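S.K.: First to last, the protein sequences are chains A and B.
Mapping of the first sequence onto the numbering used here: position 70 corresponds to residue 70, and the numbering continues sequentially without gaps.
Mapping of the second sequence onto the numbering used here: position 188 corresponds to residue 296, and the numbering continues sequentially without gaps.
Certain hints may be false.
[Stated by the list, open to error] What the simulated footprint calls covered on chain B by chain A, stretch by stretch (three residues with Cβ under 8 Å from a Cβ of chain A suffice, anywhere in the stretch; the number is not a length):
no., segment
1, 148–155
2, 165–171
3, 178–188
4, 219–226
5, 232–239
[Said to hold, decoys possible] Sample of chain B residues lacking proximity to chain A, with all beta carbon distances greater than 10 Å (derived):
no., residue
6, Trp174
7, Arg283
8, Tyr293
9, Ala294
10, Asp296
11, Ile300
[As the list claims (entries may be wrong)] With beta-carbon atoms standing in for the labels, derived distance ranges:
no., chain 1, residue 1, chain 2, residue 2, range
12, A, Ile7, B, Arg292, 26 to 36 Å
13, B, Pro127, A, Gln22, 16 to 26 Å
14, A, Ala25, B, Pro302, 34 to 44 Å
If you're looking for bench data, these hints aren't it; they were derived computationally from the structure.
Bear in mind that the values here come from a model prediction, so they are computed numbers and not experimental data.
Ideal placement from N, C-alpha and C gives every residue a C-beta, glycine not left out.
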Amino acid sequence: MKDGTMIPCDQVVAKLWEYLDQELAPEASAQVQQHLEICRRCFPQYDFQRAYRVYLLQVQRESVPPALRHRIFEAILAEEATSKQSSDVPFEHGTGLRALIARIFGRR
Amino acid sequence: MRGSEIRVQKVGFVEEAIPHLDAVYRFALRLSRGHEAEAQDLVQDTFLRAHRGWEGFRLGTNCRSWLLTICRNSFLRGEERRGRRAEILESETDADVESLAATAVFSEVRENVDPEAAFFDSFLDREVLNALDALPTPFREAVVLSDLEGLSYLEIAEVLELPTGTVKSRLFRGRRLLQQALYRYALDNGYITPKDRT
């Protein structure tokens, strides 16, 4: 890493998370990438941290249980009904909203 | 006329907010350290508050961040009510971010695993989530938002109401704590065998 165009190993290691998180400016990111392509010392650490990121992103992604979806759906409609009573919202407003919520809730 | 205005606003709510239900649920699950009933209450509270406050949300801004902020505030209020004090962290400065970034658990793993990247393959999802749930809240929330939900530093800063430098510091420390916990767990459960120890 004596080449004048290369940034040193300690700077690369210090920027690894930001590099992996795609938070570096394009120029800094390119410098890190260029270094990693040829540095056998830094690459294993990069590989380890990348494996962590990839692994965490693949951890089981839970979805809202159907019963909770339904509960929230009903609670929102109940609030709509209350606000409808206290304003002059036309009746079809509630009906349309129910249809729309049902469509979006049922989309998954 | 007034009716049609309200209709537009509420329809906007359903179309903008409901698609983020799963993300809010997952965040709530991790905030509540995997307690299903508490998480469900948090999600319902979040969406009802968001629905009531929808007029205050500016269309075109980040609805997911807005909902996650409401969810977190609701969680913190609950913690206060239960008498749980917020964890107090040592002083955090932007200056320590680079040194934090450089101190991964990599060097310890390297002694016992080859190739090092294969280390994470040995865990079940449940084990990783348990380790994550054991992190102090300030680290847990940063790691969850970044590593499970894929938010940018800026978005996380918005949700946690912190400067991005502090977000980085919490994220890097949280990742290190999580990796340390997984490393100890792997050693204790024989997933990896310490070398050079007799």
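S.K.: Hints numbered earlier in the text: which of these fail when held up against the supplied structure?
M.R.: Going through the list in order, the structure violates hints 2, 3 and 7 and respects the others.
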